[in-house]
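> Using the sequences and the accompanying hints, generate a full structural model.
Chains as they are written, first to last, in the numbering used here: chain A, 1 to 152; chain B, 1001 to 1428.
One or more hints might be untrue.
[Said to hold, decoys possible] No farther apart than 16 Å at their CA atoms in a straight line, the calculated lysine to aspartate or glutamate pairs in the EDC-like style are these:
1) K1355(B) - E29(A)
2) K1127(B) - E1060(B)
3) K1355(B) - E30(A)
4) K1355(B) - D25(A)
[What the hints assert, rightly or not] To give a feel for the contact side, a few chain B residues facing chain A, derived at Cβ under 10 Å:
5) A1090
6) Y1091
7) G1348
8) D1352
9) T1354
10) E1356
11) L1358
12) G1364
13) D1406
[What the hints assert, rightly or not] Counterexamples of contact, computed for chain A against chain B with all Cβ distances above 10 Å:
14) A48
15) S53
16) A54
17) L75
18) S97
Just so you know, the hints here were simulated from the structure itself, not pulled from any lab data. Even glycine gets a Cβ: it sits at the ideal position worked out from N, Cα and C.
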Amino acid sequence: MGKRPILASSCAAAASAAEARYRIDRPIEETRRTTVIALDGGAAKINAGAARSASERVRFVTAASPTACGETRPLVEDSDLVILVATSELQSSTASSLGRVCENTGVPVFGLVVGRPLERASAVSALRGQTNMLVASETPSDLADILSDLRA
Amino acid sequence: MLTHANNELLTRTGPGTAMGDLFRRYWLPALLSEELPENDCPPVRVKLLSERMIAFRDSEGRYGLIDEFCAHRGASLWFGRNELGGLRCAYHGFKFDVTGQCVEIPSEPEGSTFCNRVKLTAYPLVKVGDVLWTYMGPPEHKPPLPEFEFVTVAPEQTYTSKRWQECNWLQAFEGGIDSSHVSFLHSAGLRHDPLFKGSKGNEYNLKDLRPHFEVVENDGGLFVAAGRNADEGHYYWRVTPWVMPNFTMVPPRADHPVHGHLWVPIDDENCWVFTFDYHPTRPLTDAERQAMIDGHGVHCEYVPGTYRPLANKDNDYLIDREAQRRGETFSGVKGIAIQDASVQESMGPIVDRTKERLVATDAGIVKARHMLRNAALALRENGAVPPGVDPAHHRVRSFAIVLPRDQAFTEVTDEVAVARPGVAHVSV
Chain A
1 MGKRPILASS CAAAASAAEA RYRIDRPIEE TRRTTVIALD GGAAKINAGA ARSASERVRF
61 VTAASPTACG ETRPLVEDSD LVILVATSEL QSSTASSLGR VCENTGVPVF GLVVGRPLER
121 ASAVSALRGQ TNMLVASETP SDLADILSDL RA
Chain B
1001 MLTHANNELL TRTGPGTAMG DLFRRYWLPA LLSEELPEND CPPVRVKLLS ERMIAFRDSE
1061 GRYGLIDEFC AHRGASLWFG RNELGGLRCA YHGFKFDVTG QCVEIPSEPE GSTFCNRVKL
1121 TAYPLVKVGD VLWTYMGPPE HKPPLPEFEF VTVAPEQTYT SKRWQECNWL QAFEGGIDSS
1181 HVSFLHSAGL RHDPLFKGSK GNEYNLKDLR PHFEVVENDG GLFVAAGRNA DEGHYYWRVT
1241 PWVMPNFTMV PPRADHPVHG HLWVPIDDEN CWVFTFDYHP TRPLTDAERQ AMIDGHGVHC
1301 EYVPGTYRPL ANKDNDYLID REAQRRGETF SGVKGIAIQD ASVQESMGPI VDRTKERLVA
1361 TDAGIVKARH MLRNAALALR ENGAVPPGVD PAHHRVRSFA IVLPRDQAFT EVTDEVAVAR
1421 PGVAHVSV
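What follows is the structure, encoded as structure tokens:
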């Protein structure tokens, strides 16, 4: 049986503002590469808006057809995170093609569907099986927020 | 990750802050009704949103929440005498009613009206369910009273507790919309806790540690959903509603009571966690109620005579490494509430979110933060009424359901995520 801690910094009481001064202050590593793939025309416009404030580590591409999706495989494999952006214009065949591209790459896939609830429903369904996390929103600026908060 | 400025914006709730203004547009839980059990009972100190107040129940049963300090010389009214329709300062006898109005200054000459011009800040304090709620905002914007189902069902169907959590409200609240930690931090509780065990959903929970998450806006806030593999071709969905700014509800398990929380800032480094458990269609059994009192489920045991958890940071949360090794707990800390409190308090009084490294499954937290920020700024800039003020937004339920993989959980929310009196919750 070990000794019980007695120092302020060696027990749960260390969760104080004073002890916070001693936390190691080293910059957090940023995401190496994030790829944001717009899956339809509406999504391409959302991408264009987010691209204005995004870091250079984020690349924005449009793959609005199954053929175009197939060409994104090298980009997906070279990413830490893939974000799929869609709107009510999404074709389900595009979503499933992109899903096959991402399959077995080990890269987390985040989906963002922008639109009013009834209009976006089919896009949400189409992306459900292709993503680890899916956000359904009416707010196009969510993409910029997500990129920023995930350090992309 | 948040910028320093946004972290400050979201975590500071004192007077004059943007988030403080936002909170001041909602009815907030101030006390449990058990804290003022009878007329003329002792007053209770209350600090909310960094304002110190005193709560009392006068001779006619009216509740008051007024500035803690006497208008005369600033003595605490906690020492006051609660008698004959008001709270009398123990120092010189100034007496105040539940509206904060001074009604008597014994040292003034007979016939003096001076006391009419002495008034303390006062906020309404109203009993709804087992909770005393206050509204600390502009009187002209006072919304209708809260209609969360846990306070509208019959008393025998509901139980509410509260506990002090020693950290900022936001990091406590964020645990309430973070479904991905349940399969780890709370995993053992699903097997053993009397208020959780025996649900088919628990099996799905424990089998699939990589759920698919969905975050969907609704009128009052969000639905945060976790879909896990269930039987062939189906997802087991657990759907957590968040009603802005601070109400979350845990999806139910089997026919157990359903529970949730309201996360209330005391000041910027402390919060109250009001925790409720209720059943929409039947009284709680004696065993269920006793389990809640004993600290099972999402409740906790207390330091006797207080609302401080018995397991707290001064005793390392009574961590038991042997129980951890045996698999009885994941972290060595016992109980859902204290498991959450221990890790959230360990982050510091206000976690430095500039140093976070969020992952995709944190999208609910990302989205909630931006909704809070946007609502606070819209209120400040345009006076926009924030989501969650309308009582219609309160009539929401969590749910757990098995659906075919190609069916969206949002297809059933109109039916199962709405509180309907006498209708059972949807659970697995």
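> Would you check whether the claim that S53(A) is not at the interface survives, using Cβ distances to chain B and the 10 Å cut-off?
Per Cβ check, S53(A) is outside 10 Å of chain B; nearest 13 Å; holds.
> Checking one constraint from the list: CA of K1355(B) to CA of E29(A), max 16 Å. Satisfied?
Given that 16 Å is the threshold and the Cα spacing comes to 10 Å, the pair holds.
> Classify the hint on D1352(B) as holds or violated, based on whether any CB of chain A lies nearer than 10 Å to its CB.
Hint holds; D1352(B) Cβ to chain A Cβ min 7 Å, cut 10 Å.
> May I ask you to test the interface hint for E1356(B) with respect to chain A, counting a Cβ-Cβ separation under 10 Å as satisfied?
holds, 8 Å
> Was S97(A) rightly flagged as not at the interface, with every chain B Cβ beyond 10 Å?
Label holds. Min Cβ-Cβ 17 Å, cutoff 10 Å.
> Against chain A, run the beta carbon of Y1091(B) and see if the smallest gap drops under 10 Å.
Because about 34 Å separates Y1091(B) from the closest Cβ in chain A, which is outside the 10 Å limit, the hint is violated.
> Could you check if L1358(B) really has its C-beta closer than 10 Å to a C-beta on chain A?
OK, holds: L1358(B) within 10 Å of chain A, min 5 Å.
> Non-interface claim for A54(A): all C-beta distances to chain B beyond 10 Å?
Answer for A54(A): holds, closest chain B Cβ roughly 14 Å.
> Is K1127(B) within 16 Å of E1060(B), Cα to Cα?
holds, 14 Å
> Can we confirm that no CB of chain B comes within 10 Å of the CB of L75(A)?
Answer for L75(A): holds, closest chain B Cβ roughly 17 Å.
> Hey, is A48(A) genuinely clear of chain B, shortest beta carbon separation above 10 Å?
Check passes; 20 Å lies beyond 10 Å.
> When you check the alpha-carbon spacing of K1355(B) and D25(A), does it fall within 16 Å?
Cα-Cα ~9 Å, so holds.
Checked against the numbered hints given earlier, this structure breaks hints 5, 6; the rest are met.
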